[in-house]
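Engineer: One-letter residues, chain by chain:
There are 6 protein chains.
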Amino acid sequence: MPYVNIKITREGATPEQKARLIAGATQLLVDVLGKNPATTVVVIDEVDTDNWGVGGETITVRRKAGK
Amino acid sequence: MPYVNIKITREGATPEQKARLIAGATQLLVDVLGKNPATTVVVIDEVDTDNWGVGGETITVRRKAGK
Amino acid sequence: MPYVNIKITREGATPEQKARLIAGATQLLVDVLGKNPATTVVVIDEVDTDNWGVGGETITVRRKAGK
Amino acid sequence: MPYVNIKITREGATPEQKARLIAGATQLLVDVLGKNPATTVVVIDEVDTDNWGVGGETITVRRKAGK
Amino acid sequence: MPYVNIKITREGATPEQKARLIAGATQLLVDVLGKNPATTVVVIDEVDTDNWGVGGETITVRRKAGK
Amino acid sequence: MPYVNIKITREGATPEQKARLIAGATQLLVDVLGKNPATTVVVIDEVDTDNWGVGGETITVRRKAGK
Numbered sequence: 057m058p059y060v061n062i063k064i065t066r067e068g069a070t071p072e073q074k075a076r077l078i079a080g081a082t083q084l085l086v087d088v089l090g091k092n093p094a095t096t097v098v099v100i101d102e103v104d105t106d107n108w109g110v111g112g113e114t115i116t117v118r119r120k121a122g123k
Numbered sequence: 057m058p059y060v061n062i063k064i065t066r067e068g069a070t071p072e073q074k075a076r077l078i079a080g081a082t083q084l085l086v087d088v089l090g091k092n093p094a095t096t097v098v099v100i101d102e103v104d105t106d107n108w109g110v111g112g113e114t115i116t117v118r119r120k121a122g123k
Numbered sequence: 057m058p059y060v061n062i063k064i065t066r067e068g069a070t071p072e073q074k075a076r077l078i079a080g081a082t083q084l085l086v087d088v089l090g091k092n093p094a095t096t097v098v099v100i101d102e103v104d105t106d107n108w109g110v111g112g113e114t115i116t117v118r119r120k121a122g123k
Numbered sequence: 057m058p059y060v061n062i063k064i065t066r067e068g069a070t071p072e073q074k075a076r077l078i079a080g081a082t083q084l085l086v087d088v089l090g091k092n093p094a095t096t097v098v099v100i101d102e103v104d105t106d107n108w109g110v111g112g113e114t115i116t117v118r119r120k121a122g123k
Numbered sequence: 057m058p059y060v061n062i063k064i065t066r067e068g069a070t071p072e073q074k075a076r077l078i079a080g081a082t083q084l085l086v087d088v089l090g091k092n093p094a095t096t097v098v099v100i101d102e103v104d105t106d107n108w109g110v111g112g113e114t115i116t117v118r119r120k121a122g123k
Numbered sequence: 057m058p059y060v061n062i063k064i065t066r067e068g069a070t071p072e073q074k075a076r077l078i079a080g081a082t083q084l085l086v087d088v089l090g091k092n093p094a095t096t097v098v099v100i101d102e103v104d105t106d107n108w109g110v111g112g113e114t115i116t117v118r119r120k121a122g123k
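Protein chains in written order, with the numbering used here: chain G, 57 to 123; chain D, 57 to 123; chain F, 57 to 123; chain V, 57 to 123; chain E, 57 to 123; chain H, 57 to 123.
Hints in this document: simulated from the structure, not taken from any laboratory. A few of these clues could be false.
[Said to hold, decoys possible] Chain D is faced by these chain G residues, among others (derived, beta-carbon under 8 Å): (1) Lys74; (2) Val98; (3) Val99; (4) Val103.
[To be verified] As a list, the in silico BS3-like pairs of lysine-lysine whose alpha-carbon atoms are at most 27 Å apart: (5) Lys123/H with Lys91/D; (6) Lys123/G with Lys91/V; (7) Lys120/F with Lys123/D; (8) Lys123/E with Lys123/D; (9) Lys91/V with Lys123/F; (10) Lys120/D with Lys123/F; (11) Lys123/E with Lys91/F; (12) Lys91/E with Lys91/H; (13) Lys123/V with Lys123/H; (14) Lys123/E with Lys91/G; (15) Lys91/G with Lys123/F; (16) Lys120/G with Lys91/E; (17) Lys120/G with Lys91/V; (18) Lys123/E with Lys91/V; (19) Lys91/D with Lys120/F; (20) Lys120/E with Lys123/G; (21) Lys120/F with Lys120/D; (22) Lys91/V with Lys123/H.
Here a beta-carbon is modelled for each residue, glycine too, at the ideal position from N, C-alpha and C.
The whole structure should be built from the sequences, with the hints applied where relevant.
Structural biologist: Below, the structure written as structure tokens:
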């Protein structure tokens with residue numbers, strides 16, 4: 057009954073890509089720890105680039121600077 | 057000063073229902089552990105059904121399949 | 057399939073009290089939103105009083121000051 | 057490589073204010089623990105006032121009551 | 057710069073298994089979304105079976121019942 | 057009533073350092089957003105180096121490699 061939370065910036069991930077993240081994370085728990093996929097929960101949070109920072113800067117600023 | 061985070065799928069919970077979740081979770085901490093309600097914080101996250109998975113599938117897919 | 061995370065300070069909650077928190081939080085989601093208890097997950101985090109702060113002070117300090 | 061998550065109510069924080077939170081939290085980890093800012097991540101969640109409770113009430117209700 | 061949090065019950069996952077979870081989750085973000093692995097963070101939380109509930113029961117109780 | 061969660065590796069942060077993190081994060085919310093410190097909560101999670109990964113490797117492995 058693992059719980060996985062994936063946080064990414066909101067930059068256009070498609071429903072298909074998000075479905076692949078959910079399927080892949082669930083399978084990882086099955087493969088590595090033998091967990092039951094039926095009770096494995098995956099939640100994806102998409103975060104605005106103004107609300108995510110690394111290196112002390114927002115991703116919005118980093119994207120403009122070409123980082 | 058407990059902190060409670062409730063994550064549910066975004067499927068039409070009303071402000072009244074969310075107020076009941078907040079009141080109920082706060083009362084639970086009072087009843088079981090004698091916590092002070094004045095400093096008990098409850099945060100509800102509503103998550104799109106494309107972003108929530110169980111059994112390796114998104115809730116969007118499961119709803120279409122009648123699960 | 058809700059997910060509930062309850063964070064409390066580590067100050068001697070018993071297994072019975074934690075079981076009551078889990079049962080109560082699960083029932084709350086059933087009562088308010090009609091959620092399926094079989095797939096409702098509750099995780100309790102117990103946090104050392106040195107690692108929890110409110111009002112800019114650790115709980116360790118507040119407990120010594122009789123707050 | 058610390059990770060900081062800041063949750064606030066969604067009440068009009070500007071991009072500039074959020075950038076200051078990110079810069080300030082990153083600097084705090086540098087100053088106190090000597091962490092590398094380049095791998096320090098800060099994520100800000102803005103939560104609707106209907107979805108945040110304290111004292112068993114939503115912030116929406118508390119704001120109307122002048123609290 | 058994704059952030060992944062994996063919560064599992066504390067039931068003997070080895071350092072090697074945890075390293076595989078970290079490598080696998082990181083690779084998943086590379087494969088599906090083209091994320092940079094150098095800034096992808098994975099944090100694993102191991103939770104006591106008294107502190108994890110599903111179906112309104114603790115995992116401790118469910119393990120004893122053979123679930 | 058903001059909530060701040062700081063996750064760091066468990067590598068010897070002292071109670072004094074953790075108190076400074078709590079005081080500093082609380083002050084940051086006061087300075088930037090005018091939040092009430094009395095209801096600002098800060099929770100620090102210390103995570104074993106086997107349980108934290110970046111670049112697809114655990115911190116345990118990275119420390120041994122001198123990273």
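Engineer: Could you tell me which of the hints above the structure violates, numbers in ascending order?
Structural biologist: 4, 5, 7, 9, 10, 12, 13, 15, 18, 20, 21
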